[in-house]
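Trainee: Sequence:
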Amino acid sequence: MKVTGASIVSTFRFPYSNTFHRLFPSQFLPSSSSLSFSLCYKRAMPQSQARCSATYSSPASDAALPSNATLVRPKQHPWLIVGLGNPGKMYQGTRHNVGFEMVDAIAGVEGISVSTISNKALFGRGFIGNIPVMLAKPQTFMNASGESVAPIVSYYKVPLNQVLLIYDDLDLPFAKLRLLPKGGHGGHNGMRSVIDRLKGSRDFPRLRIGIGRPPGKMDAVNFVVRPFNRQEREELDMTFQQGIEAVRILLLEGFNKSATFVNSSKSMEQLD
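Sequential numbering of the sequence shown, starting at 105, is according to the numbering used here.
Wrong hints could be hidden among the right ones.
What the hints assert, rightly or not - Each computed DSSO-like pair below joins lysine-lysine, with the alpha-carbon atoms no more than 30 angstroms apart:
(1) Lys-224 x Lys-321
(2) Lys-303 x Lys-286
(3) Lys-261 x Lys-224
(4) Lys-280 x Lys-321
(5) Lys-303 x Lys-261
(6) Lys-261 x Lys-286
(7) Lys-224 x Lys-303
(8) Lys-224 x Lys-193
(9) Lys-286 x Lys-224
(10) Lys-361 x Lys-286
(11) Lys-261 x Lys-361
(12) Lys-361 x Lys-280
(13) Lys-193 x Lys-321
Treat the hints as calculated values from the structure; they're not laboratory data.
Whenever a hint applies, use it, and build me the whole structure from the sequences.
Mentor: Written out as structure tokens, the structure reads:
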């Protein structure tokens, strides 16, 4: 224990118990961990503020918390979730814009407003569970998506393994999802632009949304800007529900569990 001015600073060590389970979400600490932290609490000066910093340590004996102690959660890097698409009314509801629609679905469920402009993207910040997230819809048009994504990643210093790109895929059956930890652009011009602007790095997760192949001899360029019919829209709404759950699992439980959920043929049954 040491005295600093009129405040007394004490260091306590606690095992990870029910007390701390209420104070720290389980994703911040493994169940076998304990905390070593410092508590500053008022003695003589009413203007002094209670603060606490926490680090991991080995298990130790319990102690009593001062009633006016305030715990500060460990700081986390936010995730960046980007949906690719084309801006403007003429592209709304088209196949090439399912990335935008997936981000809108996530934002609606999680209560995040995606309405500000940042680095040429519609942008919003919030939380999924206790995980800080940023949602973005680049407004550069699909083929120049990297001109928005790369500056966001750089400005906010987001680790690439926490950058999730969501986009349409001609090579997947309609309304199917596929979650991968990394990979190439697969001929998708939006992803090609992102990879190029990230200096060739491909080491970021991506959630692909199947839009199927063009019928007959229809050109792919014309196909991707076609709207969905009513039946396709109903199927796609179920896909968005699955995608929302997949993103929550990814952020809260890790990539492997999310990939198992998404890439399993039984994933929709798990939502019932």
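Trainee: If a hint holds in the structure, say so; if it doesn't, say that too.
Mentor: Verification of the hints:
1. The suggested pairing of Lys-224 with Lys-321 is violated, with an alpha-carbon distance near 36 angstroms, which exceeds 30 angstroms.
2. Taking the CA atoms of Lys-303 and Lys-286, the gap is about 15 angstroms. The hint holds against a cut of 30 angstroms.
3. Among the hinted pairs, Lys-261 with Lys-224 is consistent with the structure: their alpha-carbon atoms are about 17 angstroms apart, no more than 30 angstroms.
4. At roughly 23 angstroms between alpha-carbon atoms, Lys-280 and Lys-321 fall within 30 angstroms of each other, so this suggested pair holds.
5. Our distance criterion of 30 angstroms between C-alpha atoms is met by Lys-303 and Lys-261, whose separation comes to about 15 angstroms.
6. For the given pair, Lys-261 sits about 19 angstroms from Lys-286 by alpha-carbon distance, which is consistent with the 30 angstroms threshold.
7. Between Lys-224 and Lys-303, the direct Cα distance comes to roughly 19 angstroms. Compliance with the 30 angstroms bound is thereby established for this hinted pair.
8. Distance check on the hinted pair: Lys-224 and Lys-193 sit about 17 angstroms apart at the alpha-carbon level, within 30 angstroms; holds.
9. Our distance criterion of 30 angstroms between C-alpha atoms is met by Lys-286 and Lys-224, whose separation comes to about 24 angstroms.
10. For the given pair, Lys-361 sits about 16 angstroms from Lys-286 by alpha-carbon distance, which is consistent with the 30 angstroms threshold.
11. For the hint linking Lys-261 to Lys-361, the alpha-carbon distance of about 26 angstroms falls within 30 angstroms, and the restraint holds.
12. The straight-line distance between the Cα atoms of Lys-361 and Lys-280 is roughly 18 angstroms, inside the 30 angstroms bound, and the hint therefore holds.
13. For the hint linking Lys-193 to Lys-321, the alpha-carbon distance of about 27 angstroms falls within 30 angstroms, and the restraint holds.
Of the numbered hints listed earlier, the single one contradicted by the structure is hint 1.
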